[in-house]
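Since each chain comes alone in its own frame, lean on the hints to assemble the complex.
Each chain, letter by letter, is given below.
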Amino acid sequence: MGAQSAVVLRDVKKAFPLRGGLGLEVLDLEHLALPAGSCTVLRGRSGSGKTTLLNLVAGITAPTAGTVHVADTDVFALSEARRDRFRAENIGYVFQTFNLLSALSALENVMLAMMFADAVPQHLQRRRSTDLLARLGLAERLAHKPAQLSRGEQQRVAIARALANSPPLVLADEPCASLDARTASEVLAIFLAVCREDEKTLLLVSHDEAALGGADRVIDMSELNRTEARKGST
Amino acid sequence: MTILTVALKYLQGRLVASTLTAVSIALGVSLVVASVLLAGGIKAGFIAGATDYNLVVGAKGSPTQLVLSVVFRMDLATPNIEYTAYRDLQQDPRVETAVPIAVGDAYRGFRYVATNNAYFAAFPWRRKTFALAAGKFFADDPPSDPTYEALLGAEAARSTGLQIGDRFYEGEEMAEYPLTVVGILRPTHSADDRAIFFSLPSYWGMNEVARGMAVKPITAVLIRPKRMSDLPSLHRALNVAPETQAVLPSGVLLTIFNMMAVAEDVLKMILATVGAIVLLYVFVSMYSATMERRREIATMRALGARRATVLGIVLAESAALATVGGLGGMVGGHAVAYLAGSLLGPSGLVTNPFLFDVFEPAVLASVIFLGTLAGLLPAVLAYRTEVAENLAPLS
Chain A
1 MGAQSAVVLR
11 DVKKAFPLRG
21 GLGLEVLDLE
31 HLALPAGSCT
41 VLRGRSGSGK
51 TTLLNLVAGI
61 TAPTAGTVHV
71 ADTDVFALSE
81 ARRDRFRAEN
91 IGYVFQTFNL
101 LSALSALENV
111 MLAMMFADAV
121 PQHLQRRRST
131 DLLARLGLAE
141 RLAHKPAQLS
151 RGEQQRVAIA
161 RALANSPPLV
171 LADEPCASLD
181 ARTASEVLAI
191 FLAVCREDEK
201 TLLLVSHDEA
211 ALGGADRVID
221 MSELNRTEAR
231 KGST
Chain B
1 MTILTVALKY
11 LQGRLVASTL
21 TAVSIALGVS
31 LVVASVLLAG
41 GIKAGFIAGA
51 TDYNLVVGAK
61 GSPTQLVLSV
71 VFRMDLATPN
81 IEYTAYRDLQ
91 QDPRVETAVP
101 IAVGDAYRGF
111 RYVATNNAYF
121 AAFPWRRKTF
131 ALAAGKFFAD
141 DPPSDPTYEA
151 LLGAEAARST
161 GLQIGDRFYE
171 GEEMAEYPLT
181 VVGILRPTHS
191 ADDRAIFFSL
201 PSYWGMNEVA
211 RGMAVKPITA
221 VLIRPKRMSD
231 LPSLHRALNV
241 APETQAVLPS
251 GVLLTIFNMM
261 AVAEDVLKMI
271 LATVGAIVLL
281 YVFVSMYSAT
291 MERRREIATM
301 RALGARRATV
311 LGIVLAESAA
321 LATVGGLGGM
331 VGGHAVAYLA
341 GSLLGPSGLV
351 TNPFLFDVFE
361 PAVLASVIFL
371 GTLAGLLPAV
381 LAYRTEVAEN
391 LAPLS
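Top line first, the protein sequences correspond to chains A and B.
Here the numbering used here is used: the first residue of the first sequence is 1, the next is one more, and so on.
Here the numbering used here is used: the first residue of the second sequence is 1, the next is one more, and so on.
Just chain B, same shape as in the assembly (with noise of 0.2 Å):
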């Protein structure tokens, strides 16, 4: 018999209030753990999705707009550009890639986004590399001949159920120009998991009203300039253009993160008053539980066990419950932010919940130390026993 043994026998031997404090410690863990990793997630979504090209071109309007609905389809498509200012930014010595995105209707629910292959070029400076899980990429066909070619995010894939070869459309009126599935892409955790991509004569081909136009629209233009110096003279000139505007995605980034600030640091006050009540709980619990058992710790004294010992046994106590109750929230925290982040991916927002956060060990050290904190008093309580006074014979 040990120490730690007399004290999970003691949890064993009242399981209904012992479990239901871990499992109030597990919920208020799970709840820090989901936030910080729903939090941190949504962040990472936004840098990751927004950093690697310098400049989003796209209509005049609102930048948040542009930058949340082209790489992060988030809001509505701001107004279309012509296909000419891609070509002219192609042809700019400041710019080393530019890529054309057109945002369309969307499959059961999964944005259309017709681009061209350099959306899925490998370049060394990409932080996001796309693979293929199945199939290939879809040609970069001729206007002339749009190929209907569809390559599907791994998420639109999954959720409509579509194989390579399979044909569809969405509404009636586009049965003419059904999309054939030729690649399906492997998880990159951004939106472009629930993305249907293909190429843009494609989607000029389906669209009436494009079919007619002489110079063909597409929404946005990303942009990576060859040196960074180049970045303020390509904002500027492109800034001054009649019809477009330039945005820094990373600018739109700390717009939206400024926003979430607020937000955050309601969450902090929310998460600490939790984390308050959980350890006012622990504390409750260990100490109705040492006050109903002085006599048995009295007779621990009688038998020889030192104060030291009995206080160790209510304290180890404390420091299991809080180590289970911690652990459980752990899994539950990372079950939490996973149901979140399906929830999220609608609103083209993708975390990994399997990702161990570098926090989490803090966390549960910091658990495991105020949980057993919380039973010091109750500790104490044992501690002071009046061995005689306890023995009294029960009248």
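Here chain A stands alone, though its shape is the one from the complex (with noise of 0.2 Å):
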């Protein structure tokens, strides 16, 4: 594994069990390595193994073979709460559909990420969401709940909670995909500089032209995983 490879999963398979024994694989892949700091972007038809290969990497679900390192840890080597705690402290996670806790205001929601987390001290957690929050220009919005913050301010505030905790790297489902193309242009930008200013290693699933364009690499999940490839060549 390379020094400075953030992320590297070998010899890695998933498969999810279907009744009478059998199994649906959905992913099998050779080796993926993330260099730190780089922006990837994986794309792929539906069903082709995006989201599952970030839930492995996030340390969400498990490898039905194979190994995923974060950060040279051996992720599914810990035990879940060890790995729950890692998690924390090592990924930040956007998804499709923001998943902002409704009955929190945005700097709440900011704020309930690094509860999870020692890394950043209990005194500092307000004074650091706020400033997210206004990098991210919602100093304006700081206590309005999810129902009152428009899909744009509120994938914006999962992007904050991405970051509270400093990780090192950040996994992104999708994270345009529920908005309009206007406000998904805006949001992915700023989303791609903060990670580019704050050097983080990104991992997102996109379609989005933009998203293309200002990678370091994309990957085709035809060509990653080998499962993907079966198919298309039956």
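Hints in this document: simulated from the structure, not taken from any laboratory.
Please note: incorrect hints may appear among the correct ones.
Derived DEER-like restraints, expressed as beta-carbon distance ranges [claimed, not checked]:
hint	chain 1	residue 1	chain 2	residue 2	range
1	B	G13	A	L22	41 to 49 Å
2	B	V23	A	E197	46 to 54 Å
3	B	L4	A	D198	28 to 36 Å
Covered by chain B, per the in silico footprint, the following chain A stretches (three or more residues, Cβ under 8 Å) [claimed, not checked]:
hint	stretch
4	58-67
5	73-85
6	114-126
7	185-191
Given the structure is predicted, the values throughout are model-derived calculations rather than measurements.
By construction, the Cβ of each residue, glycine as well, lies at the ideal position given by its N, Cα and C atoms.
Structure below.
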């Protein structure tokens, strides 16, 4: 494993169990390494294993075979509790549907992520959350609940939440798919800019041209995922 | 942000449902607290009222009626006995204190009780103490010269609005014999709060039949023997007499408490059912809330929340609901006990709803424990929430 690689996957397979003891294989990749500080975009048709790959890297879904290393740590060698803590401190996750907690304000949604890690001292958490939201253009929206925010604003809160603990790795699953084209390009631009400035390693699932253009590397799942390649050849 | 902060925010986020759940807990708890306070208050009232004297001597008849009418003014007065019975008992070497009582009519629902000042004396063995809020005790006047001075119980004074110096009478035929308020008692939390006291000569003077009688009538005599060992012989002797009976108030209390025990058992079953329904309501509320936000729970897990953390959040929610409901129920229970105590007042029983019972911390702790327990299954659901499955994009 290269010293500068933020993420390394080796011989990773993922199959979901089906009735009758059978399994549905959705992912089979030999090797994937993401250099630290790089921006990688995954693209591929629906069902090609993009979200599964992100969940594997995040430690949310365990692989059927193979290893996943993030920041030189074998993620699935950790106990579940330690993996949760590792994820809180090292990985930010931006979802397609934002997934903000409806009962919490924008500020509280960002602070929530800090509750699960020891990355930011408690007395600095409010300040850091405020700064992050201001940086994403939401200084006037701190006390607003998700229902009071536009979709673009909600996604920016979700981005701030993903960056709350200063994780070296940020995963984003089609972060702009739920947004209109104009809002999507605005949100994506600010997202990429912030990640670049903070030298984050970014693994992004997107079909957005702007994302593809701003990426260091674009990976097509049909080339990366041997299961997908097999489907294509049959 | 802490687990409790997130839990409280969630409760705040579904304010109507949370409030309804807390109110249902509060209603259940207030029912339990009020029932226990009232049952305890009624018993305490009976005990406090009946245990200062060891014997009640009155006309032959129902022992329960004698005690209820003389001590608690709850039943019809028993027939009269002669005043000489009191004189005889006063002279009896076995008797330390004998207090004559004549229970008469009422003024605006507040019973007339004729007695002498011994009734209010602060004997060292007395549980109940009488103190004046205003004025003085009525004079122990001679039968030939009744003063018609009245001493009002605290509730009688408050309800009638009578003040020191006021004159009053019930019914036009009594206009010739108006009573004059000379004193008002402090609350005793007993049936005496609802009584209007005056002297026996005043009572005989007001009563047309008694005026013409050579031997004056009274309703009963309260007896305290010098030694408890004298009690059986006194009891026996007075019961052998053709006109009188002697009743042990403690025996009557036992009868009353036995009758109450059946009602208490039924009440306990009702309260247990109410408790089970409230717990079920908390469970359903927490269960549906947890099911509704499985995606948010999965999100927290994806952000790094441990299973124990989401478990703690749901348990903290149900604990907070139970705490708020439990505390509200305590306050509500005392309020209900106060209202019910006011309603029970006319029957002669007075409870003290401001008394904090030792069982209440235990009730509150149980409510919090059981309320939290009702959130356990929903919490386990949250604990077991499958992250990837619940984070799948919405269609």
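Q) Of the hints given before, which are not true for this structure? A) The structure conflicts with hint 7 only, although it agrees with all the remaining ones.
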